[in-house]
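**Q** Sequences are here, hints too, so could you generate the full structure?
Chains as they are written, first to last, in this note's numbering: chain D, 1 to 278; chain A, 1 to 278.
Incorrect hints may appear among the rest.
The list that follows gives simulated cross-link-like pairs (lysine-lysine, DSSO-like), each with its CA atoms no further than 30 Å apart [to be verified]:
{"no.": "1", "chain 1": "A", "residue 1": "220", "chain 2": "D", "residue 2": "263"}
{"no.": "2", "chain 1": "D", "residue 1": "220", "chain 2": "A", "residue 2": "254"}
{"no.": "3", "chain 1": "A", "residue 1": "254", "chain 2": "D", "residue 2": "254"}
{"no.": "4", "chain 1": "A", "residue 1": "169", "chain 2": "D", "residue 2": "263"}
{"no.": "5", "chain 1": "A", "residue 1": "100", "chain 2": "D", "residue 2": "220"}
{"no.": "6", "chain 1": "D", "residue 1": "220", "chain 2": "A", "residue 2": "220"}
Keep in mind the hints are simulated off the structure, nothing from the lab.
Number of protein chains: 2
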Amino acid sequence: MSLKVAFQGVHGAYSEQAIRQHFGDDVQTVPCPLLGDVFDAIHRQRVDLAVLPVENALAGAVSQAYELLMDSDLLIQAEIILHVHHSLLAPAGTTFQDVKRVQSHPQALAQCESYLRRHNFEAVPKYDTAGSARELAGTLEQGTAAIASKLAGELYGLTALDHDIEDVKFNFTRFFVLGHDAPERGEYNKTSLVFATRNRPSALYDCLGEFASRGLNLTKIESRPRRNRPWEPVFFLDFEGYWQDAACQEVLAKLLFRASFVKMLGSYPAVRNDSVGI
Amino acid sequence: MSLKVAFQGVHGAYSEQAIRQHFGDDVQTVPCPLLGDVFDAIHRQRVDLAVLPVENALAGAVSQAYELLMDSDLLIQAEIILHVHHSLLAPAGTTFQDVKRVQSHPQALAQCESYLRRHNFEAVPKYDTAGSARELAGTLEQGTAAIASKLAGELYGLTALDHDIEDVKFNFTRFFVLGHDAPERGEYNKTSLVFATRNRPSALYDCLGEFASRGLNLTKIESRPRRNRPWEPVFFLDFEGYWQDAACQEVLAKLLFRASFVKMLGSYPAVRNDSVGI
Chain D
1 MSLKVAFQGV HGAYSEQAIR QHFGDDVQTV PCPLLGDVFD AIHRQRVDLA
51 VLPVENALAG AVSQAYELLM DSDLLIQAEI ILHVHHSLLA PAGTTFQDVK
101 RVQSHPQALA QCESYLRRHN FEAVPKYDTA GSARELAGTL EQGTAAIASK
151 LAGELYGLTA LDHDIEDVKF NFTRFFVLGH DAPERGEYNK TSLVFATRNR
201 PSALYDCLGE FASRGLNLTK IESRPRRNRP WEPVFFLDFE GYWQDAACQE
251 VLAKLLFRAS FVKMLGSYPA VRNDSVGI
Chain A
1 MSLKVAFQGV HGAYSEQAIR QHFGDDVQTV PCPLLGDVFD AIHRQRVDLA
51 VLPVENALAG AVSQAYELLM DSDLLIQAEI ILHVHHSLLA PAGTTFQDVK
101 RVQSHPQALA QCESYLRRHN FEAVPKYDTA GSARELAGTL EQGTAAIASK
151 LAGELYGLTA LDHDIEDVKF NFTRFFVLGH DAPERGEYNK TSLVFATRNR
201 PSALYDCLGE FASRGLNLTK IESRPRRNRP WEPVFFLDFE GYWQDAACQE
251 VLAKLLFRAS FVKMLGSYPA VRNDSVGI
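**A** Now the structure itself:
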């Protein structure tokens, strides 16, 4: 029986593309309207795993994803890095010259802003990228195209009038695969956690010193306001290493004494920076 | 002659509300369609200052703002913290019971998701909050309401059917005021900069040590992928202090020797955490 993996959006979403890239074709993808529904699906065991976007090289951290991660007891199983390419999709018979309006999620429209302006296309905001393609496949509206993934075009029988129409080519999105159990060690691993410092000057510096003194390389750090105490930050931190390594176990124990809380998000097989083709 | 201050959006946008909160009524607010146009307006001296959102307690850093800041030579003049409250706005004569559809920017709709669900309102995505109110004031469409600021309701002659409809009450947005010259010292100051570390283990830790050893308190840190070299991060950092303080001058000089580059974003009068009413 194939794995069931939940994602936010409709079929053809970039999250579904990330699932295909990571797991291949032998998984059952389960679309959920909202990010909260994705967590619901996995908490209630209706799926085995979930995939959620946590960072976009252009659009910054996906904030709600981190809030939901904070509230759940799921563990990160793996990371996926997807190179996001936008296609211009239209109903069969529509030529490039026919296009007047282009519909998509505001962020995708923004990522293709120069392209849209160059061709004098009117931008029409919709809820999501793949959803705008699905809607167009239903209405077959003349003179309208959608911006979404190539996958969405194939799924909804739309013709790709153009490919790779994003203004900036370095458009990568990072995803976490979430599940219930701790994953095995991979070839290259990262550990992700969130912590708050005790309210003391240089508290963050002292915490980071535990990593530096053991040669544990940080790959991400981000302070975020605490929800009910904004501007009293929590820190999201990723570092290279697997929790069973001696240095990792030491740093985790030390951190627990220095921080006012630590929450483990996972220790998982990760993607090397230099392996994503850039 | 009153100051001209540019912002992204149409009149009634939350950025305009931030301008009013900071400068009072004696400024001329200049709406710009895109964030890039805001930078254009100030670079071409068509306005004196610009205001841009850089952090939302719920939605995370506003990524494009930081990209544009990186590319410009403007300096931060001040920070503004706005407590964002959403209103439900409708044409005169529409009662709460008449409302079927609610239109706004997808993020505002998401921030009121439970509210919309509770009242069985259909959510309709639009480009921005104030723009969705202005559009409604034009069409006067029956059964439709918009989510936007109280200010937008007043400007476009819509009735506020409900106030403070956001699901989570801790909804603060941080703005920077941008200008050409370095501002005077305020009562309480922050300095913002962006830097990249030399490619060495513990490089970030060593840089942060320069702050910690001088008792300079960090109020924000965020690693972000470099645009043309994703996952080779740059660090956005805010700390308490004014650039003319001896400790600040020392830390800046030291940082220049440790980092592969440092860009000053500004040293400016800031808002104390405990003064925003939370």
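**Q** Indicate, hint by hint, whether the structure satisfies it.
**A** Structure-based check of all given hints:
{"no.": "1", "hint": "A/220 to D/263", "verdict": "holds, 20 Å"}
{"no.": "2", "hint": "D/220 to A/254", "verdict": "holds, 23 Å"}
{"no.": "3", "hint": "A/254 to D/254", "verdict": "holds, 29 Å"}
{"no.": "4", "hint": "A/169 to D/263", "verdict": "holds, 24 Å"}
{"no.": "5", "hint": "A/100 to D/220", "verdict": "violated, 44 Å"}
{"no.": "6", "hint": "D/220 to A/220", "verdict": "holds, 14 Å"}
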